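**Q** What follows is the residue order along each chain.
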Amino acid sequence: MNQQATTGQAFRATLKRDLIIAYKRKNDLVNPFMFFLIVATLFPIGISPGPDRLGEIAAGVLWISALLASLLAMDNLYRSDYEDGSLEQLLLSPHPLYFLVLAKNISHWLVSGLPVVLVSPLIAYMLNLPDAAYAALFITLLLGTPVLSLLGSIGVALTVGLGSRGLILAVITLPLSVPVLIAGTLTVQETLNGASLGGYLAIMGAMLLAALTLAPLASSAALRISVN
Amino acid sequence: MWLWFSKLGSPKWFYELSGRWLPWLVIPMALLLIVGIVWALLFVPPDYQQGNTIRIMYIHVPFASISLAFFPLMAVAGTITLVWRMKLADMVAKQAAPLGAWFTALALASGSIWGSDIWGTWWIWDGRLTSMLLQFFLLIGVISLRSALEDTDAAAKACAVLSIVGCINVFVIKFSVDWWNTLHQPAGDFSLSDEAANPPEVWVPLVIMIVAIYLFFAVSLILSTRNEILQRERRAQWVQELVEGH
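For the record, the sequence lines run as chains E and W. Just so we're aligned: 46 in our numbering is position 46 of the first sequence, and the numbers increase by one with no gaps anywhere. Just so we're aligned: 122 in our numbering is position 122 of the second sequence, and the numbers increase by one with no gaps anywhere.
The set of hints was computed from the structure by calculation and includes no laboratory data. Treat the numbers as computed from the prediction; the structure is a model and nothing was measured. Idealized CB from N, CA, C, for every residue including glycine. Mixed in with the good hints there might be a few duds.
[Stated by the list, open to error] So the derived list for chain W, only partly shown, Cβ under 8 Å to chain E, looks like this:
1) L25
2) F137
3) L138
4) A158
5) V172
6) S176
7) A218
8) V219
9) S220
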């Protein structure tokens with residue numbers, strides 16, 4: 001008889017499994033990233049290609065693009081697992097669902113959020129972001145996109161059983177994401193005005209910690225409701 | 001106490017009790033509304049700065065203050081639904097969402113009309129306005145989630161989770177947008193303690209209107225919950241007797 005796996009092992013196994021699946025489905029990996037690039041490209045075309053005005057809105061453009069890309073990628077989080085039944089197995093496992101959901105969220109952020117964060121300085125350069133704001137933008141995206149993933153996970157978990165969930169997911173998730181968007185863009189703005197980064201980053205760090213502790217609880221409750 | 005609590009969970013009991021309560025709420029509500037509106041619109045002295053526009057306050061402040069109560073209300077009802085599986089709590093939560101959307105919309109609309117005169121603009125991206133708008137979106141999200149889920153039980157629990165998450169978020173939104181950009185005067189402008197700035201003939205009708213609108217809210221919520229009870233319990237014997245009896 002096999003020895004019982006510990007929760008830590010289950011956490012690592014879920015994380016590894018999701019990363020392997022993401023690696024095998026390269027479309028899902030590339031699409032949110034391309035979506036981010038394309039949305040960011042739409043702003044100069046739609047608003048104004050003038051460098052001065054672009055520089056003013058660059059931080060907001062990047063944040064909104066990252067938010068939309070994270071929303072678009074969210075749907076992959078539980079759907080295929082729901083369809084092939086492995087989500088039910090996850091719910092039946094003896095380990096606390098909190099850690100398994102957290103593992104899924106982390107792997108999801110690693111494949112959909114992190115690439116966006118890493119490419120953001122390049123897009124920021126193309127959008128003529130002032131030099132002083134690069135560090136603030138990068139760090140706020142690094143702290144903020146996981147929060148977006150964790151919040152989005154609640155919305156996906158609530159709607160995973162629905163046939164047409166694209167729009168409803170957006171209606172639920174986007175208003176929830178507003179505080180992160182405000183904190184992120186405000187940090188960049190205030191850095192440009194000469195404020196020190198510390199206090200603002202502390203707020204974002206607090207948001208991240210709160211989301212890490214609370215959001216997976218809500219996600220697991222929502223998953224248990226959606227999967228009867 | 002627990003007997004009372006489990007009794008409250010019975011839709012039939014609530015239906016009968018609320019039927020007896022209703023006149024005691026409707027009559028004071030009607031009286032206060034009439035007195036409040038007539039007093040506010042005809043007899044309150046015009047403000048030295050805002051003139052007659054100040055009368056919008058008597059509509060706007062009650063609606064704005066009550067619309068902040070909806071998310072906490074839905075979160076409490078949602079918690080009761082999740083913990084004790086009380087059907088009545090979910091009926092209240094279900095009816096509170098559209099009602100909350102209406103109240104929020106009215107607060108936004110009346111504020112916008114007020115602002116068009118005082119600030120010279122119908123809309124401004126100020127902290128309070130934005131947070132009310134986002135609360136409106138969140139309520140729409142709860143309503144659309146409820147309508148998308150066909151199974152009543154699953155819809156009840158899913159909306160309960162969303163209401164609890166949304167409730168936390170409404171406070172965070174409020175805090176963050178205030179921090180972000182603000183123009184709206186603090187509510188303290190109308191503080192009752194500051195009697196020098198606000199003589200009784202200004203604040204007494206405001207208090208009357210606030211109480212009247214709170215009663216209006218209670219009456220609307222009870223009436224729509226009663227409808228919901230009849231609809232969900234339509235196969236129960238007492239509902240059929242009630243319908244056939246009339």
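**Q** Each hint needs a verdict: does it hold in this structure or not?
**A** Status of the hints after comparison with the structure:
1. L25: The hint is violated - L25 of chain W has no Cβ within 8 Å of chain E, the shortest such distance being about 32 Å.
2. F137: holds (4 Å)
3. L138: holds (5 Å)
4. A158: holds (5 Å)
5. V172: holds (5 Å)
6. S176: With Cβ-Cβ at 4 Å, under 8 Å, it holds.
7. A218: violated (27 Å)
8. V219: violated (29 Å)
9. S220: violated (24 Å)
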